[in-house]
Amino acid sequence: MKINITFDTAWEEEFLHRAEEDGPWANWELFKLAVQIDEYLVIPDFEGLQAPKHLPQLKPLPHQLETAKQVVENMNGKAILADEVGLGKTIEAGLILKEYMIRGLVKKVLILVPASLVTQWAFELNTKFHIPAVVQRKSYVWDSCDCIVSSIDTAKRDPHREIIFNQEYDLIIIDEAHKLKNNKTKNYQFAQSLKKKFCLLLTATPIQNKAEEIFHLVSLLKPGHLGNAALFSEKFKGKGRGINDDQHLKELVNTVMIRNRRGDTGIEWTKRIVETIIIEFSPTEQALYDAISQFKPASADGVGSSFSALTLQREACSSREAVYYTLKNMREKNENPAQPFLDVLDHLSVKVNEVERNSKAEKALELIKKIDDKVIIFTEYRATQLYLQWYLKQHGITSVPFRGGFKRGKKDWMKELFQKHTQVLIATEAGGEGINLQFCHHLINFDLPWNPMRLEQRIGRVHRLGQEEDVKIYNFATKNTVEEHILKLLYEKINLFEKVIGELDDILTKLDIGNIEEYLIDVVGASRSEGEMKIKMDSLSSLIQFAEDMKEEESRAATGNS
Amino acid sequence: MQQQEIHNFLITYFQSNNCEVVENQPGYLAVQLTVQMDKELMNRPFYWHYLEKTGGIPNPMSLTLITDPLKAPEDLKGENIHFGSPRLHQIFQSTKKLAGFIRLYEDTKSYSTGQYPLYPWLCLNVKVSYQCDRKKDVFISAGLNLISGEILEDFHHRVLALEVTPKIPDFSFTLSPLIMPKSGLSRLDTFIRRTFEGDDHSWAEEAVKRWDNDLELLEHFYEDMEEKSESYYTEKKALRAQYEPKIDISVVNGGLFYLTDKAV
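Chains A and B, in that order, give the protein sequences.
Under the UniProt record's numbering, read the first sequence as residues 1 to 562, first letter to last.
Under the UniProt record's numbering, read the second sequence as residues 1 to 264, first letter to last.
For the record, the hints were derived by calculation from the structure and aren't laboratory data.
Just so it is clear, the structure is predicted and the values come from calculations on it, not from any experiment.
By construction, the Cβ of each residue, glycine as well, lies at the ideal position given by its N, Cα and C atoms.
Fair warning: there could be bad hints in the mix.
[To be verified] Short, incomplete list of chain B residues facing chain A, as computed with Cβ under 8 angstroms: (1) Ser-16; (2) Asp-133; (3) Lys-135; (4) Leu-185; (5) Arg-193; (6) His-201; (7) Leu-218; (8) His-220; (9) Phe-221; (10) Asp-224; (11) Glu-235; (12) Ala-238; (13) Asp-248; (14) Ile-249; (15) Ser-250.
Use the sequences and the hints to build the structure in full.
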């Protein structure tokens with residue numbers, strides 16, 4: 001067969017010129033080195049991975065290497081990476097990108113990620129992979145840099161859009177690609193218009209449930225792989241069928257998608273050891289809590305009232321500072337307060353002032369001293385955070401604060417301080433794009449979030465790949481309060497704390513409960529009796545249990561089939 | 001490349017470029033750069049521009065490179081160098097740039113007395129890349145005798161065994177080439193192409209098969225569209241870029257070698 005052959009002629013011209021001019025000529029030692037380098041850099045085979053030997057300090061896991069190999073060797077560089085959460089999709093994408101760069105097949109790269117992840121992606125590619133990825137800040141970088149990380153929302157807008165369409169990209173990586181499941185959106189159409197020589201779509205959300213969504217995603221990657229739109233919808237539309245129902249379709253999807261499951265990776269996850277610590281109020285704290293429980297602010301509108309009452313109750317379980325802060329806000333917000341309302345607030349303020357100690361903080365201090373190692377404390381409230389920092393300092397324990405609102409630089413700085421100098425990190429917000437703290441394995445939940453996903457994110461900061469110790473989780477709950485209800489009725493019932501990373505993610509996605517936190521507030525706040533609340537909580541936990549069983553069955557079926 | 005090889009490589013590189021190696025210890029080395037090498041590696045054109053304008057005293061930097069963090073002192077400040085580090089690849093690039101063209105003579109100093117005629121050889125070291133959606137390379141070194149027209153494979157490694165010198169040695173004289181360098185290069189080009197002509201090119205056939213397959217899917221996807229949308233043409237172009245097999249020959253370096261009769 002005829003293959004196009006190109007021969008670089010620049011060398012020849014320069015050589016003839018130098019022969020004419022009698023030099024300048026290179027040093028023999030350097031000349032030998034140059035040949036030696038090329039002999040080292042020669043890629044001996046079409047198969048296999050070169051990237052690992054260029055990245056001696058990166059220790060990819062077996063499933064990550066296997067995925068990279070699969071994509072390069074068998075998927076021709078176009079794939080959906082759909083590993084379950086926490087298995088390191090970014091590492092897989094980085095390995096593939098590096099491999100193509102080493103092989104000289106990829107030079108221009110566009111990486112589209114959610115805005116909040118832009119700097120982190122660029123940072124990881126630079127530090128872990130030595131890939132000079134640049135964060136898009138000015139429009140001229142599109143031309144001048146080879147590897148760019150940007151948010152899709154920026155990229156799709158003018159003037160960037162036009163400039164991007166004029167670039168010849170060799171590889172396009174799209175993170176959180178499940179957001180592109182609808183072909184009517186601007187983002188989808190933008191992604192479709194990009195020239196995709198090689199392309200990686202990353203997603204953690206299981207999408208195999210809806211056939212149409214997967215059709216659009218695959219069509220973005222490889223148009224026609226699942227047939228055309230007309231044919232596909234004829235077969236699947238409106239039937240609400242998942243792709244698992246169709247063996248042929250499933251096989252087709254599997255040729256462009258890799259989904260590693262936690263169970264298949266053979267990684268030994270360290271255990272989660274959960275300890276619930278029930279704390280008893282001091283008499284003054286109890287008095288404050290009781291006063292709040294009787295308080296029904298602005299009883300005119302029902303929803304708002306139960307919300308604020310609950311908020312105050314939860315805050316009273318955390319610290320008097322948190323209560324004080326909310327009371328202050330209530331007073332300021334209400335422009336024409338009725339006298340009885342003000343009286344109540346004053347009464348509560350008096351109760352706040354009477355509280356002379358924080359039983360939870362005392363317990364935390366005792367625990368931290370006993371642990372004598374790095375500890376992370378999570379609290380829902382900033383006032384509690386400040387108080388704890390002050391309180392610990394009084395007792396000679398160093399700590400750093402951490403909030404979701406910190407800029408990236410400050411986050412990194414706080415992490416560094418925590419890692420190198422201080423014993424405790426006090427965080428208010430876990431945040432999906434927070435920090436990774438696998439060097440620490442003690443976690444105190446000073447108060448509990450009412451959204452299990454948030455709790456999972458908290459734990460996910462420490463219980464992730466790279467954690468070598470069992471993770472100890474201490475849950476604080478105050479006796480005879482709403483806090484104890486939530487802990488007993490929800491968390492302990494569904495064994496939430498012992499679940500493996502990401503499992504809950506899948507379950508909640510399946511359940512389709514829009515906002516679990518609101519649901520809980522409704523259950524606790526609107527229930528007229530203890531009994532009613534218990535019944536509602538029971539039904540929620542059995543719903544979660546049901547979804548979990550369903551999932552297990554499904555994965556059993558999946559392994560049975562393949 | 002092992003860490004020790006990298007270490008030796010760096011020493012040779014800096015010494016060949018007239019930089020003083022201030023320290024050469026297990027696990028690390030420190031070099032004082034020359035003005036020229038500072039410009040080559042340190043990427044600070046404004047400093048040099050400023051200095052030349054103001055006529056100040058040039059102060060080229062020194063570099064500490066750690067080739068084995070386990071052996072180097074713990075508190076040592078320096079750059080970690082490993083096979084994938086950007087600094088090493090910068091030095092690789094620099095080496096190739098500085099060592100593209102050469103002319104050498106076989107050193108006849110130690111031979112018994114007498115006059116030695118030296119035959120001109122044209123040497124070409126190339127990397128042949130087979131490329132589709134995958135890639136592999138082959139290194140080829142070939143030398144052409146510019147008088148007899150004889151071509152030898154693995155030429156570079158043959159020369160490695162000889163003593164060579166950049167100046168024509170006493171009692172030696174060069175023979176004038178009968179083949180001019182330009183036509184010599186085209187002979188080598190033909191020779192190199194012939195080396196892989198008979199090879200198994202199933203890799204290319206496979207790539208074309210994959211290409212055709214994806215093209216077929218693409219056609220099918222846009223089948224119902226009478227007026228094909230722009231994304232159709234973009235995809236089609238992308239498939240060509242992805243799969244089209246080609247062979248690329250790039251020159252690593254080469255030059256003229258004047259060698260005695262039986263040298264290679």
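Given Phe-221/B was flagged as interface, is its beta-carbon under 8 angstroms from a beta-carbon of chain A? holds (3 angstroms)
Ser-16/B was flagged as interface toward chain A. Is the shortest Cβ-Cβ separation under 8 angstroms? holds (4 angstroms)
Would the stated hint for Leu-218/B survive a check requiring a Cβ distance to chain A of less than 8 angstroms? holds (5 angstroms)
Hint validation: His-220/B versus chain A, beta carbon distance must be below 8 angstroms. Holds or violated? Cβ of His-220/B sits 5 angstroms from chain A, so the hint holds.
Does Leu-185/B pass the interface check with chain A, least Cβ-Cβ distance below 8 angstroms? With Cβ-Cβ at 5 angstroms, under 8 angstroms, it holds.
Using Cβ atoms only, decide whether Asp-224/B comes closer than 8 angstroms to chain A, and label the hint accordingly. Holds: closest Cβ of chain A sits about 6 angstroms from Asp-224/B, inside 8 angstroms.
Hint Asp-248/B vs chain A: min CB-CB distance below 8 angstroms? holds (5 angstroms)
Regarding the hint that Ile-249/B lies at the interface with chain A, is the smallest CB-CB distance below 8 angstroms? holds (5 angstroms)
Does Glu-235/B hold up as a contact with chain A if the rule is Cβ-Cβ below 8 angstroms? With a minimum Cβ separation of about 6 angstroms from chain A (threshold 8 angstroms), the hint on Glu-235/B holds.
Hint check, His-201/B versus chain A [nearest Cβ-Cβ separation less than 8 angstroms]: Nearest chain A Cβ about 6 angstroms off; hint holds.
When the nearest CB of chain A is found for Ser-250/B, is that gap smaller than 8 angstroms? For Ser-250/B, the interface hint holds, since the closest Cβ of chain A sits about 5 angstroms away, which is under 8 angstroms.
Mind checking the CB of Asp-133/B against every CB in chain A and telling me if the closest is under 8 angstroms? holds (5 angstroms)
Of the numbered hints listed earlier, not one is contradicted by the structure.
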